[in-house]
Amino acid sequence: MFNDIESKNPFFSSDYFKSYAPINILRSWRRARLYEGGKAADLDWLLWIVLGFSLQKVAFNRKKIFKLPKSLTNLTKIWQWHCSEQVPLQYLIGICPWRDLYLTVDSGVLIPRQETELLVNFALQCLAMCKNGNLHNSNLHRWADLGTGSGAIAVTLAKALPTWLGHAIDCSYEALTQTQNNLNQLVKNTNVIVSHGYWCEPLISLSGQIDLIVANPPYIPSELIKTLEGNIINHEPLLALDGGSDGLSAIRIIVHLASEILTPGGWILIEHHYDQSVDVIKLMKAADLIHICRASDIEGNQRFAIARKSFFK
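FYI, the working numbering numbers position 36 of the sequence shown as 36, with every residue one higher than the one before it.
Note that these hints are calculated values from the structure, not bench results.
Just so it is clear, CB atoms sit at the ideal spot from N, CA and C, and this is done for glycine as well.
Please note that a few of the clues may not be correct.
Beta-carbon label-pair distances, calculated as ranges [what the hints assert, rightly or not]:
no.	residue 1	residue 2	range
1	Ser205	Glu174	22 to 28 Å
2	Asn184	Ser310	34 to 40 Å
3	Leu34	Arg294	39 to 45 Å
4	His256	Ser71	49 to 55 Å
5	Gln114	Gly230	18 to 24 Å
6	Asp246	Tyr20	52 to 58 Å
7	Lys77	His291	50 to 56 Å
8	Ala41	Thr177	47 to 53 Å
9	Gly230	Ser207	40 to 46 Å
10	Tyr35	Thr177	34 to 40 Å
11	Ile204	Glu36	50 to 56 Å
12	Ala41	Asn121	21 to 27 Å
Straight-line alpha carbon distances no greater than 27 Å define the calculated BS3-like cross-link-like pairs of lysine-lysine that follow [claimed, not checked]:
no.	residue 1	residue 2
13	Lys39	Lys226
14	Lys77	Lys67
15	Lys188	Lys159
16	Lys39	Lys77
17	Lys67	Lys39
Please construct the entire structure, taking both the sequences and the accompanying hints into account.
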């Protein structure tokens, strides 16, 4: 849909100003759309993306005119498609705000979640603790984003660690195309290798050379897939959701290979289902990883597992 990212928010390229509307018309339009169906929060999100601010927080002024990237007729069609087919708005407009980024997304990749922003935060915090020499002294440091999807994590790490060499890996060619697009659009002088493969597979030749592994793999148990909301199960890629019978299929592989792939003292951070913390910690202990800990999401669920490779292996 709206895929031209010429500024931080692609909607605000001057070429996209196709329509104008006073605030009273916009508010009437909003009421009419909610009468048709859907959630107010979703519609307000769409308007926030289009306008750049919350319509609900704007003081009423009949003379206030807003520029729109698309006509209200086109926005109505987007909203009606969203309501009738349960298509995520992020797919319909081709954009997903995440951290300080506007990522391009389509139905070939999972929509980046707010929880995963924390995963990246924790990864950068772990590295910040290593400034006193707790990582190896090589001039070249490497990170790996396993199951990169839209490239949300890869883009963030590339921007935060510009001197590092990155590896963004996915088994989906659709996802890798989206990752490369986002890297090209959002990162200057990117130093990231985008590779097709399953989890650590493309890194085997680099065993012992990866300083940081970050992964948000599919972790939903297969039997729970059918319980997901329609907008998820009918439109987001099953490949990025289904974690096998117990939700741990991918996580087992990643943790098992981490001790081979990581440098001594290297970090691994994994996002998992809210009730898998105990099992993931057990897997990390079995792999002889050290400094194992867990971290919670914004709702207090233990959703992240963090560990390091021993310094003596």
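Structure-based check of each hint:
1. Ser205 x Glu174: 22 to 28 Å: holds, 25 Å
2. Asn184 x Ser310: 34 to 40 Å: 38 Å Cβ-Cβ, so the 34 to 40 Å window holds.
3. Leu34 x Arg294: 39 to 45 Å: holds, 40 Å
4. His256 x Ser71: 49 to 55 Å: holds, 53 Å
5. Gln114 x Gly230: 18 to 24 Å: holds, 20 Å
6. Asp246 x Tyr20: 52 to 58 Å: holds, 54 Å
7. Lys77 x His291: 50 to 56 Å: holds, 52 Å
8. Ala41 x Thr177: 47 to 53 Å: Given range 47 to 53 Å: violated, Cβ gap about 30 Å.
9. Gly230 x Ser207: 40 to 46 Å: The hinted range 40 to 46 Å holds for Gly230 and Ser207, with Cβ atoms some 43 Å apart.
10. Tyr35 x Thr177: 34 to 40 Å: holds, 39 Å
11. Ile204 x Glu36: 50 to 56 Å: holds, 53 Å
12. Ala41 x Asn121: 21 to 27 Å: This hint holds: roughly 24 Å between Cβ atoms.
13. Lys39 x Lys226: holds, 22 Å
14. Lys77 x Lys67: holds, 18 Å
15. Lys188 x Lys159: Roughly 8 Å between the alpha carbons, so the hint for Lys188 and Lys159 holds.
16. Lys39 x Lys77: Holds, at about 16 Å.
17. Lys67 x Lys39: Within the cut-off at roughly 24 Å; holds.
Hint compliance for this structure: hint 8 alone is broken.
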